[in-house]
Amino acid sequence: DAMVIQNPRYQVTQFGKPVTLSCSQTLNHNVMYWYQQKSSQAPKLLFHYYDKDFNNEADTPDNFQSRRPNTSFCFLDIRSPGLGDAAMYLCATSRDMSLAGEHIQYFGAGTRLSVL
Amino acid sequence: SQQGEEDPQALSIQEGENATMNCSYKTSINNLQWYRQNSGRGLVHLILIRSNEREKHSGRLRVTLDTSKKSSSLLITASRAADTASYFCATPSTGRRALTFGSGTRLQVQP
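Order-wise, the sequence lines are chains A and B.
Per my numbering, numbering through the first sequence is continuous, rising by one, with the last residue being 163.
Per my numbering, numbering through the second sequence is continuous, rising by one, with the last residue being 266.
Simulated from the structure, these hints should not be mistaken for laboratory data.
Hints should not be assumed to be uniformly reliable.
The calculated lysine-lysine pairs, modelled on BS3-like cross-linking and capped at a C-alpha distance of 27 Å, are [unchecked claim]:
1. 224/B to 91/A
2. 99/A to 225/B
3. 85/A to 181/B
4. 91/A to 64/A
If we strip away everything but chain A, and leave its shape as in the complex, we get (with noise of 0.2 Å):
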């Protein structure tokens, strides 16, 4: 009964090979977004999707780039990836219509980056 789900579950690339990773959800959520976690670290907000609407974070490289089709599917692209772009991401999900609310999310159980 998995609800929100990634693939790969791990994915190795090569230096420079652009990669994508996707995201799909059956919560029918409106927000989703996507996570950069590194080794014992908190996960770091890249980017969320309000419905279409597209929100970057300030500090996410331009090198990461996102897409979201439908309210099912999200991906995340990668154009050039470095080393240091090696990590795990995490798609998360939440229902939310108000900027005070409760944002609840949803993960799902990532995907494994490895650069060589």
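Chain B: place on chain A using the hints.
Just chain B now, kept in the frame of chain A:
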């Protein structure tokens, strides 16, 4: 710097003991959440406490919130080996539909 800082960074206890983790934050909030993350997995929401609540229970979890001190604690009673995980507090990011996660506490429960 992070909105949420947690301490301790790591905690090792024996099965059956209680585990207490603390979180401090900087800005005014209307709620605070705790999440758990098993090694190599995504985060799982545990509990949400609102700013007008001082304490909340869920099973073996007890969360307190002190808005005057801008701090929260998570107590896990009668811990089990299966409680081994990292625990993160999270607060709403100002003006955005997003959360800011604390630095996390890595809990190891020895059987």
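Hint by hint, here is what the structure shows:
1. With a C-alpha separation of about 25 Å, the suggested pairing of residue 224/B with residue 91/A holds against the 27 Å cut-off.
2. Distance check on the hinted pair: residue 99/A and residue 225/B sit about 34 Å apart at the alpha-carbon level, beyond 27 Å; violated.
3. At most 27 Å may separate the alpha-carbon atoms for a hinted pair to count; residue 85/A and residue 181/B meet this at roughly 23 Å.
4. With a CA separation close to 23 Å, the supplied pair residue 91/A and residue 64/A stays within the 27 Å bound.
Checked against the numbered hints above, the structure breaks only hint 2 and satisfies the rest.
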